[in-house]
Amino acid sequence: MSSPAIPFEVLARTGKANATVALPTDAERKGLTKKEIAADHPTWCPGCGDFSVLALYYKLIEKRKMHHEKVTTVAGIGCSSRFPYFVQAHGAHFIHGRALAFASGVSLSRPDLHVFTFSGDGDAFSIGGNHFNHTARKNVKMTFIVMDNMVYGLTKKQTSPTSPIGFKSKTDTWGAVDRPINPIKQAIAAGATFVARTTHTNPNHLLQMMEAAMDHDGFSFIQCLSECVEFYAGAFDNSNPRKGGAFDLVPADHDVTDEYAAYRLADNIHPGKFGIFYKAPRPTKNALEAKINADARSKTGGLKDWQLLQKSFDRLK
Amino acid sequence: MSDAISTAQPAGGSPKIASISEAVIRIAGNSQDGIQAIGGFLARLAGRSEQEVMTFMTIPATISGGPSIFQVRIGSGEVLSSGDEADVLLCFYQHSYEEHVGSLKKGGIVLYDSDHVTEIKPEWADKYHHVGVPISSRTVEAIGGTGKDKGKNIFSLGLIARMFDLNQPKLEKLITERFGGKDESIVKNALTCFHAGYSNQIQGLLETYRFADAQKKDRHQIVMNGNEALGYGLLAAGVRFGAGYPITPWSDIMELLRRELPKYGGTFVQTEDEIAAISMALGASWAGRVAVTGSSGPGISLKTEALGWAVMAEMPLVVVDVQRGGPSTGMPTNIEQSDLNIACFGGHGDSPRVVIAPANVEDCFYMAIEAVNIARKYSVPVIILSDQGIATRIEAFDEPNLEKVCQDISPDLTPVADHKPYDLTVPDGITRHVTPGTFVASGKYPVVTGLEHDELGHPTGSPKLHLAMNAKRRNKLRRLAAELPVPAVYGAKEGTVLMVGWGSTQGPIQEAVAKAREAGHAVSSIHLKHVNPLPNGLENIFAGFNHVIVVEMTDEGLYGHGQLASLLRGRYADPKIKAVTKADGLTWKVKDILDRVQAFLPTR
Ligand SMILES: Cc1ncc(C[n+]2csc(CCOP(=O)(O)OP(=O)(O)O)c2C)c(N)n1
Ligand code: SF4
Ligand SMILES: [Mg+2]
Chain A
0 MSSPAIPFEV
10 LARTGKANAT
20 VALPTDAERK
30 GLTKKEIAAD
40 HPTWCPGCGD
50 FSVLALYYKL
60 IEKRKMHHEK
70 VTTVAGIGCS
80 SRFPYFVQAH
90 GAHFIHGRAL
100 AFASGVSLSR
110 PDLHVFTFSG
120 DGDAFSIGGN
130 HFNHTARKNV
140 KMTFIVMDNM
150 VYGLTKKQTS
160 PTSPIGFKSK
170 TDTWGAVDRP
180 INPIKQAIAA
190 GATFVARTTH
200 TNPNHLLQMM
210 EAAMDHDGFS
220 FIQCLSECVE
230 FYAGAFDNSN
240 PRKGGAFDLV
250 PADHDVTDEY
260 AAYRLADNIH
270 PGKFGIFYKA
280 PRPTKNALEA
290 KINADARSKT
300 GGLKDWQLLQ
310 KSFDRLK
Chain B
0 MSDAISTAQP
10 AGGSPKIASI
20 SEAVIRIAGN
30 SQDGIQAIGG
40 FLARLAGRSE
50 QEVMTFMTIP
60 ATISGGPSIF
70 QVRIGSGEVL
80 SSGDEADVLL
90 CFYQHSYEEH
100 VGSLKKGGIV
110 LYDSDHVTEI
120 KPEWADKYHH
130 VGVPISSRTV
140 EAIGGTGKDK
150 GKNIFSLGLI
160 ARMFDLNQPK
170 LEKLITERFG
180 GKDESIVKNA
190 LTCFHAGYSN
200 QIQGLLETYR
210 FADAQKKDRH
220 QIVMNGNEAL
230 GYGLLAAGVR
240 FGAGYPITPW
250 SDIMELLRRE
260 LPKYGGTFVQ
270 TEDEIAAISM
280 ALGASWAGRV
290 AVTGSSGPGI
300 SLKTEALGWA
310 VMAEMPLVVV
320 DVQRGGPSTG
330 MPTNIEQSDL
340 NIACFGGHGD
350 SPRVVIAPAN
360 VEDCFYMAIE
370 AVNIARKYSV
380 PVIILSDQGI
390 ATRIEAFDEP
400 NLEKVCQDIS
410 PDLTPVADHK
420 PYDLTVPDGI
430 TRHVTPGTFV
440 ASGKYPVVTG
450 LEHDELGHPT
460 GSPKLHLAMN
470 AKRRNKLRRL
480 AAELPVPAVY
490 GAKEGTVLMV
500 GWGSTQGPIQ
510 EAVAKAREAG
520 HAVSSIHLKH
530 VNPLPNGLEN
540 IFAGFNHVIV
550 VEMTDEGLYG
560 HGQLASLLRG
570 RYADPKIKAV
580 TKADGLTWKV
590 KDILDRVQAF
600 LPTR
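Going line by line, the protein sequences match chains A and B. Take 0 as the starting number for the first sequence in numbering that gives the first Met the number 0 and just add one per residue. Take 0 as the starting number for the second sequence in numbering that gives the first Met the number 0 and just add one per residue.
Treat the hints loosely; a few may be bogus.
Stated by the list, open to error - Within a straight-line C-alpha distance of at most 25 Å, the following computed PhoX-like cross-link-like pairs (lysine-lysine) qualify:
(1) 403/B / 303/A
(2) 34/A / 419/B
(3) 284/A / 262/B
(4) 298/A / 403/B
(5) 262/B / 403/B
(6) 471/B / 492/B
In case anyone wonders, no lab produced these hints; they're calculated from the structure.
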């Protein structure tokens, strides 16, 4: 066609409005303090279980000496998903249910970043159920922590996909009737390569699980019981020794690579067991895509991008 | 070629050679007959001969079987559309014959496979010139029994090559390139078929034709369809991440990117659905490099929530919408421009975004780059509205200077002193995100968010801030509007009727203008490539005409105006803006446009 070429402008790579500085050297960098990591004061109800998850996330960043700029905190929508505002790190507060897909885009394009994704039970397993299954199956490298309060907190007490049968909510005033999903089983069945369970009332265990998840090369999923004191108070008393419950660890002799054993171990979930249910090595999507790219690039003979495109165009003449 | 065709049989002798300036050839068969391949070869040959070429095809929604056509118009002069009427119809079956004979101009040639087309209708026998060739059996003769359906497309290409005196060595080279690299015997078979077709004496053909020489072009021509041009344009633009879910006609673009991106160190992810696709692309955009997602029809509807987030978070993104017939699953392989509204306004809340629309295949390439650059410059999602017509038609255009147009948009991680993503005081009012991984010396890290927010991206319920941020998101697009080129008027700057079009209808509209002007009517047209925001200054163009008639492929709507006309009426509050619309799933014919604008022309 004889249309004129479209005017367009090639922008300079840098579009920064702010002054640039030098990156401090590793020697100049001391580990971050809690004060440096904390951002806005959380807006959660006093006593909400999510506080302890946040506190231990700070601790994790502090303990593992992560650099501010390398931490990305991604979340969907819900009380629990307010996380990014409370952390001094590059944060993204995305839309309801889709945090995993967003975080996958970050993980797959930036191997240099730690990607932590936070979600609630509704966010992760209801509206985001599809993404949960597929992110697990693709084994996209990131840590995914679901604060499971077994209720919709932000929207004020509707039934959630993990609400136990009989739970009286505003949408089931007579008690929930639909069979709840079992997040551990679902994660295993979907192909997650790291599946763990913990609770907000046991900080040491929670931190331990976060560390193990972070160190796992793959999609690491943690179901963290996190009480909604406002709409489902006492939900997890039976796993809290201080409330007369029992905190039962996954048996020491459990083989974490045995998918079926892990599945059986997840049978009873009230209160259920705590610890790593399943952990097995499998290539991440990140690694598989990197391999595809390495193979493709090895055949390009070091041509520049425009020359590669020229080669394609030469075939279209 | 119109006038060049004569139906008078020269006494005895072999067909004489007529010089023509253009020809429209329609090939009709079933989808498995490889008729797109014939069209592709013709288009490519035309490109190599520096002829203008435009094609049009319909593909059935079913995987295999089902009628399919390919129309190619080749010309030595400017070719604007794929042509209202065909000069030659090559038909493989009785049904293709009956269905498409109406697309021939009076006196046109029906070249039919006499093995399958058995009944020539008497009422058509006088109107068109019928030429039968036992295409199927000749093909089998040429390459042996195994081929059957295979190969008759290449045999037919040979027939056409002889009929139009096409450059035989060039075609052989194309065939060798196309089938080369595979099994040696495949190339051999293809060439055998071609030669069999080329040397076949066509009984009853009155003339053969030769295209007048085309003007030499400065640059080589390349030949591709709109989907390819868009895909390659995105690569040239520096896009290195994309995500999508298959749907016709968008799938070609995602397949191309999935195949090509790894060579460039990029990745395309086939996601579980369209929501995941846009979400993932947004994640990648945030991670530092404008990413792409795309879809068609219902897939676009699924993307609207996340698109709203992109507007709110001011995240650059390119969304490709290859429109098809809607609503719902609609008409998957037909053409419509009915996504204009969802592109410009789809979603809840006030969410200004950019919508641009290529008018031809070449535009697809350059506007992909433009989309990326607008997205980056204005921190905004940009929708590229293509359509089934541009997506599948093949055109030749001047080869771009790739060394010049290819760009590097890799992320910049230079540490900054401080950063506020939604700074209300920056002089140009435009958000610039720092990429994750960027050290911020103040220790205050930004959050990108879909909640209404303050300058750092933290949530706010403040009415004042909501007003200020809404204004920020809107005003930057007003800035863009001021930067956009005002479309040139095709025809005179003053007159009776100004036709306004956008997207793939540029060709037929401009051809209609040319015809109307020839007939002495003061008709002109403009073609909008930027539909949201509209460029400034259109009102000055409108002022020169009595009627502003939007020509679009949408339904007339509840209030009698199509989607673009409604938008323009809303923008200019000018009652002289009216629409001629149609939404039958087919592209505009020049004649239909002329018939419809007739009502606005003075009777003489
Ligand atoms: C598309 C969409 N639908 C519905 C909502 C409303 N909504 C916000 S959060 C939420 C559920 C929150 O529950 P959960 O994910 O368990 O998080 P929690 O508040 O309990 O931490 C709902 C339904 C929304 N924001 N977006
Ligand atoms: S409503 Fe429940 S989940 Fe939400 S902040 Fe309050 S206690 Fe936590
Ligand atoms: Mg919840």
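Violated constraints from the hint list, given by number and in increasing order: The structure breaks only hint 6.
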